[in-house]
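> Protein chains in written order, with the numbering used here: chain A, 1 to 277; chain B, 1001 to 1390; chain C, 2001 to 2542.
Just so you know, the hints here were simulated from the structure itself, not pulled from any lab data. Hints may contain errors.
[Said to hold, decoys possible] Computed from the model, here is a short list of chain B residues facing chain A with C-beta under 7 Å:
1) 1243
2) 1244
3) 1251
4) 1254
5) 1261
[Said to hold, decoys possible] Across the chosen pairs, the derived CB separations fall in these ranges:
6) C:2312 x B:1156: 42 to 48 Å
7) C:2416 x B:1189: 54 to 60 Å
8) C:2304 x B:1156: 55 to 61 Å
9) A:119 x C:2338: 21 to 27 Å
10) B:1340 x C:2245: 46 to 52 Å
11) C:2366 x B:1101: 37 to 43 Å
Computed from a predicted structure; not experimentally measured. Even glycine gets a Cβ: it sits at the ideal position worked out from N, Cα and C.
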Amino acid sequence: MNDMAMIEERPLAAKAPQHAALTEREVQESRRKETILYLDGVSVSFDGFRAINNLSFLLGKGEMRAIIGPNGAGKTTMMDIVTGKTRPDEGEVFFNGTVDLTKHDEPAIATMGIGRKFQKPTVFEGHTVEDNLALALAGSRSILAAIFHRRDAEEEARIAEILDTIRLTHLRDASAANLSHGQKQWLEIGMLLAQDPKVLLVDEPVAGMTDAETEETARLLRDIARDHSVVVVEHDMGFVRDLGVKVTCLHEGSVLSEGSIDNVSSDPKVVEVYLGR
Amino acid sequence: MIVGHLLRRGLNRWIVLSLAVILAIGIAVPALNLLLPVTHPLHVPTYIVALFGKYLCYALLALSLDLVWGYVGILSLGHGAFFALGGYAMGMYLMRQIGPRGVYGDPVLPDFMVFLNWQELPWFWYGFDRFWFAALMVMVVPGLLAFIFGWFAFRSRVTGVYLSIITQAMTYALMLAFFRNNMGFGGNNGLTDFKDILGYSVQAGETRAALFFASAAALALGVLFVSALGASRYGKLMIAVRDAEARTRFIGYRPEYVKLFAFVAAAVMAGIAGALYVPQVGIINPGEFAPANSIEIVVWTAVGGRGTIIGPIIGAILVNAGKSWLTGFAPEFWLFALGGLFVAVTLFLPKGIVGTAIDGWDGLRRMRDGKRRERGEDAPLTGPQPEAAE
Amino acid sequence: MVFIRTIIAIFLLVFTALLALPAGAQEDDSALRQAISGLGAEKGYSKLRQAIDVVVETGDPRGARVLDALAEGDVYRREGDGAVFIVSGRGKERNLIDPVTSEQVGTIAKSELKKVRVNNSVRRTVRDAIGALTLGAKDPDIRLSAVRTMIDNPDPDSLDVIATALEREGDDDVRTALEQARAAAILLSDAAVPDKVAAIETIREMGGQEALSLLVRARNAAGAEMRDATEAAIASVQKRLQYWSLGQNVWYGLSLGSVLLLAAIGLAITFGVMGVINMAHGEMVMLGAYTTFMVQEIMRTSFPGMLDWSLPIALPLAFLVAGSVGFAMERGVIRLLYGRPLETLLATWGISLILQQTVRTIFGPTNREVSNPSYMSGAFQLGELSITWNRLWIVVFALVVFAVLLYAMNRTSLGLKMRAVTQNRRMAAAMGIRTPWVDALTFALGSGIAGIAGVALSQIDNVSPNLGQGYIIDSFMVVVFGGVGNLWGTLIGAFSLGIANKFLEPFAGAVLGKILVLVFIILFIQKRPRGLFALKGRAVEA
Ligand SMILES: Nc1ncnc2c1ncn2[C@@H]1O[C@H](COP(=O)(O)OP(=O)(O)O)[C@@H](O)[C@H]1O
Ligand SMILES: [Mg+2]
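Excised from the complex, chain A in its bound form (with noise of 0.2 Å):
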């Protein structure tokens, strides 16, 4: 008897949920139109292991995100989902509201506008530093126009703009091998803003610079998110502290604690994970 009316009440229980998953979706749909970024229950395991668990993520135009996480909490992974390096196993992500990134490649999504800064700095190291910029620089990816390209004065006076603002000026002619650690993160950095995207990923870009750097680093940044999307992730608190944006914390593939940087710096389960093992 007690089978029967477990049968019978199944059907109107799935039913009741579809109903207001319906309504639910709308509501999604419309504050997904409002994101540069969107994720949603997105998961990933490499050979059973899972570096991202249901995570979700929305990231507001023009919008500054710091994300911070201990090690192994899927930071750079989510990076990778984001620009189609990793794909997704399920879950939504999408670009400017519209575009579904799980269904485009590397190069697709970096001319759609998301560019990335690598942890471990990763500039053309045959180059100099003048020529890494002018292969990041906007424009046609085309192979015919790679042939056929010359450069001409706006180009000119973008890269020495942008050798300006990351101080590199006077490396110009350098080989990007000879750079310093602190001077190619820079020069990704330059890479990034050549590129022109709408979204910046940063991933820990004050590692190995000293403190001076670090601060010019984050004013760096602040400039930059002034008319850029922009997601750093970082380790250094006092860095992260500088940019004066929301935080995200990630722990094991989700997200455990969003806010102001006191506020999830205050929240005891990020202590715990920070301190507490």
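Given the coordinates of chain A, assemble chains B and C with the ligands onto it according to the supplied hints.
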């Protein structure tokens, strides 16, 4: 770094110089052969013309390999296949020029087909009686093979040694195929016994001179092409792909197309080299597809210096001159020498002769300019170094 | 026609009977000698026939030889003493052959001989007599091979002999064979239709290539009423043969696969586990083969009695030779090139040229003869499968080597260290593993295994300086196809490529089949760049 640097300014001078040298040789050698009497001390014997003509083709071949290996970092171990295909296309033209003068006197069918009792010309031999068509095929066939192969390989991101190994398998498969009689390319014996090219006897001194000059001119064009390509934005892109392929994707480039273009362009160059080679040596056979041949091209390029323009040319000529010389008096020693060369170059001269010389030159200039930058010392190789994305 | 066929059949019967007879293993031959001497009595054909019967009564299969000679007209009586001999040769001087031992016992002038004359009726008697003699032999093996000959050369005239033999026959195998022989003979005779249909059924059950050719012959000879039954039987036999040829292909594939496995398995360690591209791998195989050659030469000249032992002796030696060359290579060259795979590829190619040329200088450019030991020669039949011993041994050997290697990698301390070093060199070093030493040993192990492979391959391939070159591309294909870093992948890769190759061969021919397999792998790698059984994870991507 060095390459980009030199291409932008320094080496332009060198390129002009080498173009001049190549063209001068292209004119002087045949002229000294034809115009001077045999007794004259400056007379160049005909066999030297033939030998050097061969070297020029090899130089073009090495330069084409350099385009993919030195610039884009694709170590093709099957580059000889493109050379051989170009050679076969030219050989087919030369075969059809024989006409009824073959041993069996068939007006259309080449001797080997008559011998195999074939009744009519296979479809893929049509059109090869016209030079323009053959010349087109010399470029189209290798280019098409490179395009198809590269399209699949680069898009699926096969890189590094995997790519090298499958390029080797490609030329190996082609070798096996061309050894088959019923492929319609003369099987074991290949194509030979040519008579005329464009109506001139291939044996005639004047024809040889013209072929020599054509080879030199093709090489000069190759040098111009590669240096222009290297100096363009695409040239920088090639090096970027070589050094950090994954990174180029994240700024929006498609490295697979960068590679594909270079691969196809190099295949076409190799095909042209093969087409010039065949009338000068008078034969093309499936042995040209042997994997060992392709690897030999790699060693020429490595010896001269990959990622440079004159390096592969110098390498091809030096190694082959050494080969001719050694096989002249101690043939069994040649493989020892070649093997030793492989080991020695990779261990002690990774940048090759020219690369090392440029380094030395750079160092000297830096000293002279008084700008002694310590950092220059641990600069990375010009060579391809498979680089992790992250 | 019939006559000639009969002669051939008789000849074959005698031949097999003689083959089956261990020479000199005969008991008393005086009875036979006595009976044979009766053939020399000069009393006309009917007496001769009786004399033949006397020979048959001895039941001695050796009598078949002289009867055969009799039918051929080669039996003579010596004028002097009336003794009977088989005589060979032409001209004035003839050779005398003892009718019992078949040995030549002397020569004699033609004039001193008198031929024992025969006519057709005697010939018929002779044929029956031979059948009776061999079919009546005491040894069932002799009887069986005699019957087999009759199946291969069916003759309606031998039906009587077969019938008699069937009555006496006690051995089941021989009985079955006799029935088949009878069926075969009936098919060619003018027997009644139901008999022939039964015979077809018997032949169909027999199956195999002979059955097929018998049936085809019968079809060509048969009248309309028999055609359908014959066609059906042919179809059925062909179907069974197809299954067998499927099996045969699988076997050839396994055999080729085992060769590929042997060639590739060392590479699975140096390339798969260490990531070193060793283009001189094939030359390690070649060194192993030449070691085998050397060992065999020494055995041949110094200990000829122990020639069969040369392979077991060559195995450890080949391992040592190739292993130490590999060790030297790693220490001398490869060590300096870690992290530069393309340079490693070129340098090892250079080494391969040097090794080849060294061997060519020492041993010459031509093929060297390495013989098969007795236990690896010959073949045996398994149903319709013909399996050569050397192939069988190589399959077994390849599997054993694989198992040993698997054990070594997974269960021994060296294997543990190898895996530790390849997975995380710095961590391994920090834990006190001497990584350079482990590198060298791993490489030596891979090379040594290649040397062992060379011992096996010397049995089926030409031992020449180019031996290795033929295997290098295939080996890489196997490892890459199976998935780098995975021994099981190599096993499965080798056997699937081997079998695929052999299945393509009948349709495409050997060369085209190989090309197709290569093209397939090239496409496959592009679909799955890491092979069938790929390792996953960040470490691999780097
Ligand atoms: N391609 C991959 N293969 C296997 N494991 C991966 C891969 N990418 C990330 N991981 C794992 O996912 C987890 C999250 O890594 P990551 O995103 O780099 O963390 P972090 O927050 O420090 O940047 C780690 O445990 C890492 O080992
Ligand atoms: Mg990270």
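> Would you check whether residue 1254 (chain B) satisfies its interface hint, that is, whether its CB is within less than 7 Å of any CB in chain A?
It holds, given that the least Cβ distance between residue 1254 (chain B) and chain A is near 5 Å, below 7 Å.
> Go ahead and decide if the range 42 to 48 Å is satisfied by the Cβ distance of residue 2312 (chain C) to residue 1156 (chain B).
46 Å, holds
> Does residue 1243 (chain B) hold up as a contact with chain A if the rule is Cβ-Cβ below 7 Å?
Status holds, d = 5 Å.
> Using the Cβ atoms, figure out if residue 119 (chain A) sits within 21 to 27 Å of residue 2338 (chain C).
25 Å, holds
> Okay, residue 2416 (chain C) versus residue 1189 (chain B) on CB: inside 54 to 60 Å?
For residue 1189 (chain B) against residue 2416 (chain C), whose Cβ atoms are near 56 Å apart, the range 54 to 60 Å holds.
> Tell me if residue 1244 (chain B) is really an interface residue toward chain A, meaning its C-beta lies closer than 7 Å to one of theirs.
5 Å, holds
> Using the Cβ atoms, figure out if residue 2366 (chain C) sits within 37 to 43 Å of residue 1101 (chain B).
39 Å, holds
> Can the hint on residue 1251 (chain B) be confirmed by a CB-to-CB distance to chain A that is less than 7 Å?
5 Å, holds
> With chain A as the partner, please determine if residue 1261 (chain B) meets the hint condition of a C-beta pair closer than 7 Å.
5 Å, holds
> At the C-beta level, are residue 2304 (chain C) and residue 1156 (chain B) separated by a distance inside 55 to 61 Å?
58 Å, holds
> Does 46 to 52 Å hold as the CB distance between residue 1340 (chain B) and residue 2245 (chain C), or does it fail?
51 Å, holds
This entry satisfies every hint, going by the numbered hints stated previously.
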